[in-house]
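Given the structure of chain A, go ahead and fit chain B onto it with the hints provided.
Protein chains in written order, with our numbering: chain A, 1 to 192; chain B, 1 to 386.
Keep in mind that the hints were calculated from the coordinates and are not lab data. Note that the Cβ used here is the ideal one computed from N, Cα and C, for glycine as well. There may be inaccurate statements among the hints.
Pairs of lysine-lysine, BS3-like flavour, derived with a Cα cap of 27 Å [stated by the list, open to error]: (1) Lys-138(A) with Lys-149(A); (2) Lys-59(B) with Lys-157(A); (3) Lys-157(A) with Lys-138(A); (4) Lys-138(A) with Lys-153(A); (5) Lys-59(B) with Lys-153(A); (6) Lys-59(B) with Lys-149(A); (7) Lys-138(A) with Lys-59(B).
Anything over 10 Å on all C-beta distances counts as not near chain A; from chain B, calculated [said to hold, decoys possible]: (8) Ala-29; (9) Arg-176; (10) Arg-192; (11) Thr-194; (12) Ala-204; (13) Gly-228; (14) Ala-292; (15) Val-382.
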Amino acid sequence: MDTALDAWFADEILVHEAALVHYLRRVWAHVDDVHDLRQEIYVRVYEAAGRARPHQPKSFLFATARHLMTDRLRRGRVVSIEPVGDFESLNVLVDEVTPERRLGARQNLRRLADAFDLLPGRCREVVWLRRVEELPQKEVAARMGITEKTVEKQVAKGMRLLAEHYYGATQSLADDAHDADRNREHGRKQTD
Amino acid sequence: MAGSRQIERAAAAWLARRDGGDWSPGDQADFDAWLAQSTAHRVAWLRLQAAWNQSDRLKALAAGVPPGEVPARGAWSASPYAPRGEAQARRQEDQANADQPDRDEDASAVAAPQPNAAPVTAIATASPIGPKFAPRAVLRRPRAARYAAVAAIAVMAMSLLWGWQRYGVVEHRSYRTAMGALDTIGLADGSRATLSSDSRIEVALSRAQRHVALEHGEAFFDVAKDPGRPFAVDAGARRVIAVGTRFSVRRDGPDLRVVVTQGTVRLESEPVDGHTQPTTLLPAGSIALAGANGVLVRSGSVEDAERYVDWRNGYLVFRDTALSAAAAEFNRYNTRRLVIGDAAVGELRVGGNFRWSNAEVFVGLLEQAMPVRAERLPDRIVLHSR
Numbered sequence: 001m002d003t004a005l006d007a008w009f010a011d012e013i014l015v016h017e018a019a020l021v022h023y024l025r026r027v028w029a030h031v032d033d034v035h036d037l038r039q040e041i042y043v044r045v046y047e048a049a050g051r052a053r054p055h056q057p058k059s060f061l062f063a064t065a066r067h068l069m070t071d072r073l074r075r076g077r078v079v080s081i082e083p084v085g086d087f088e089s090l091n092v093l094v095d096e097v098t099p100e101r102r103l104g105a106r107q108n109l110r111r112l113a114d115a116f117d118l119l120p121g122r123c124r125e126v127v128w129l130r131r132v133e134e135l136p137q138k139e140v141a142a143r144m145g146i147t148e149k150t151v152e153k154q155v156a157k158g159m160r161l162l163a164e165h166y167y168g169a170t171q172s173l174a175d176d177a178h179d180a181d182r183n184r185e186h187g188r189k190q191t192d
Numbered sequence: 001m002a003g004s005r006q007i008e009r010a011a012a013a014w015l016a017r018r019d020g021g022d023w024s025p026g027d028q029a030d031f032d033a034w035l036a037q038s039t040a041h042r043v044a045w046l047r048l049q050a051a052w053n054q055s056d057r058l059k060a061l062a063a064g065v066p067p068g069e070v071p072a073r074g075a076w077s078a079s080p081y082a083p084r085g086e087a088q089a090r091r092q093e094d095q096a097n098a099d100q101p102d103r104d105e106d107a108s109a110v111a112a113p114q115p116n117a118a119p120v121t122a123i124a125t126a127s128p129i130g131p132k133f134a135p136r137a138v139l140r141r142p143r144a145a146r147y148a149a150v151a152a153i154a155v156m157a158m159s160l161l162w163g164w165q166r167y168g169v170v171e172h173r174s175y176r177t178a179m180g181a182l183d184t185i186g187l188a189d190g191s192r193a194t195l196s197s198d199s200r201i202e203v204a205l206s207r208a209q210r211h212v213a214l215e216h217g218e219a220f221f222d223v224a225k226d227p228g229r230p231f232a233v234d235a236g237a238r239r240v241i242a243v244g245t246r247f248s249v250r251r252d253g254p255d256l257r258v259v260v261t262q263g264t265v266r267l268e269s270e271p272v273d274g275h276t277q278p279t280t281l282l283p284a285g286s287i288a289l290a291g292a293n294g295v296l297v298r299s300g301s302v303e304d305a306e307r308y309v310d311w312r313n314g315y316l317v318f319r320d321t322a323l324s325a326a327a328a329e330f331n332r333y334n335t336r337r338l339v340i341g342d343a344a345v346g347e348l349r350v351g352g353n354f355r356w357s358n359a360e361v362f363v364g365l366l367e368q369a370m371p372v373r374a375e376r377l378p379d380r381i382v383l384h385s386r
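Chain A on its own, in the form it takes in the complex:
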C-alpha cells in the first residue's frame, strides 16, 4: 500500500471533485454516466500518479477527464459529438467556476456540518452516535431499537452520502459555500 500516494490523492485530487462533476455535467450529455466517468477518471489519475506525480494535479485531472471522454467517443459509444463540445471555452469556464477546495479549519467544519445535516434522519442519528460519541455499534443498535446489521448499513450509507456532499457537493452546496464566502467578504474586511 502506497500511503503517500493515497494521501496525495485525497489532498490534491478529491478536493476538486465538485468542479470535476460540474464540468462533466456540462459537457457530457448523459448525466447518468457522470458517476462512472468520475470513477474512471480517478482510476486513471491514481494509476498515472503511481508512476509519476503530475506537477499540476488539477490540470492533470481535467486533462484526464477530456481524454477519457474522447476515448469513449472513439469507441463509438454514441453517434454524436456530445462530450467534445467546445473544449476551449469550457476550459476557461472550469477555472471560473472552481472555488478552490483548500478550506480553512472552520470552513471545513462548516462543510462537514452541512454535509452531515443533509443525511436522512436515521442515518444522521447513527452517524452522530457512532462517529461523534463513538458509541459501540451494539449500543447504538440498542439505543435506537434497531439491529446491528441496520446500524452497519446506515453507517455505510452515511459514508457514501457524506463523501458525496463533502467532496462532490451538489452544485447548490458549492454555490452556497461560494455565496457565504462572498457575503463574508462584503460584510466586513477580511481579517484572515
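Using the frame of chain A, we list chain B on its own:
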C-alpha cells in the same frame, strides 16, 4: 466490470463492517484482496475513507450537546462553532429576508392607488372657492361661471391625475437586439427581460397592467412579483401570463415555445373559429410548444428546462438534436449561416454545449467526429455528407 455505484456500495459496506468492530484478520485479508482486485476498488475506498476520516472533526460540534442526544439540523449555523463572520452574515441575511416582505408591502401600499381620495379632496378644495370669492352681485355671474369653470377644470385635472396614477403608462418602450447580441433590460416594475439575438419586444407597463408584446425572437423574463398586476406576454395569437416567476417565450413564425424555470405561468390562446381554446397551466420545468395544431407540453425537471435558456450564458445546448435543427439554432445568432447541404447530413444527431458565438468550433468538431465535410464560403458554411 461492475458499475461505479456498485463498487462504491461494496467499499462502503467493507468500511462500515470494519468500523463496526467485529473484524477478524480473515476479514482484513478478504478486504485487502478486494482492494487489490482493481484500482477502481481502491479509489472508491480511498474516497470514502478520506471523507469518513474528515467527519471525525464533527466532534467539534459535540461540545454543549448532551451525550446521547443528536442535535437538530442546522443547530450550529448560529453557534460559536460556525465561523463568526459567517454566522453574522447569515443572521443579517435572515434579517434582511425577514424585512423584505414588509418592505414590499409598504411599497405596494404607498404605490397602490386609493381610488376615491384624490377626487374627494379636489371637490373639497375647489367648491368653496366659488361663493367665498364672489363679493359683488354684478360680477357674480361671470365670476361664478369662471370659478365654476376653474373648479371643473381642477376636478377634471385631479381625476385625470388619478386616472393616470391608476391606469397611466409608466413605461412604454420597445427594445431590440441585433444578430448575435444579447441584452438584459431592467423594467420599471423591477422585472428583467433578457433578449436573445435578433429579438424585439414592446413593453407597456401601466399602473394597472404589465404588458409585453414579443414581436419576434426570444426573451427570458424574470418577473417581479405583483399579484395585482399580472405580467402578460403576447406573441401572435397566444398570451403567456405570470405573476412572479421566470420563463422564456420564443417565437418561430407561428410557433411558440414557452419554457418555465420557476413558478407557474398560464398559456392562453385566442379563440379559433369562435371556439375558445383551453388555457394551459405550466408549472416550473415545463416546456410548451404551441403550434397551429395545438399545444404540446412536456413536463420535466427544472434543470432540464434550464438547458433551454442556456443561451443567456452564451451557450446552445443540444441533446440528441437533428443537425438541421442545431444549424438553425446557430443561425439565430450568426450572420455567417450554417447551411445543410443534403438531407442525410441534416438528419445526423448531435449533442453537447457550444458557444453560440463560435459556430466555427462546432463545425470543426462535426468534421472531426462525424461524417461531415464543411465547405467554407465567406457568407456561409455548407455542410455535406462525407
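To see whether the hints hold, each was checked on the structure:
1. Lys-138(A) with Lys-149(A): 10 Å, holds
2. Lys-59(B) with Lys-157(A): 19 Å, holds
3. Lys-157(A) with Lys-138(A): Given that 27 Å is the threshold and the Cα spacing comes to 18 Å, the pair holds.
4. Lys-138(A) with Lys-153(A): This hinted pair holds, its Cα atoms lying about 13 Å apart.
5. Lys-59(B) with Lys-153(A): 22 Å, holds
6. Lys-59(B) with Lys-149(A): 24 Å, holds
7. Lys-138(A) with Lys-59(B): 20 Å, holds
8. Ala-29: 14 Å, holds
9. Arg-176: Non-interface label stands for Arg-176(B): nearest chain A Cβ at 27 Å, farther than 10 Å.
10. Arg-192: 20 Å, holds
11. Thr-194: Holds: least Cβ distance 19 Å, greater than 10 Å.
12. Ala-204: 36 Å, holds
13. Gly-228: Given that every Cβ of chain A is farther than 10 Å from that of Gly-228(B), nearest at about 32 Å, it holds.
14. Ala-292: 31 Å, holds
15. Val-382: The claim stands: Val-382(B) keeps its Cβ more than 10 Å from every Cβ of chain A (closest is about 19 Å).
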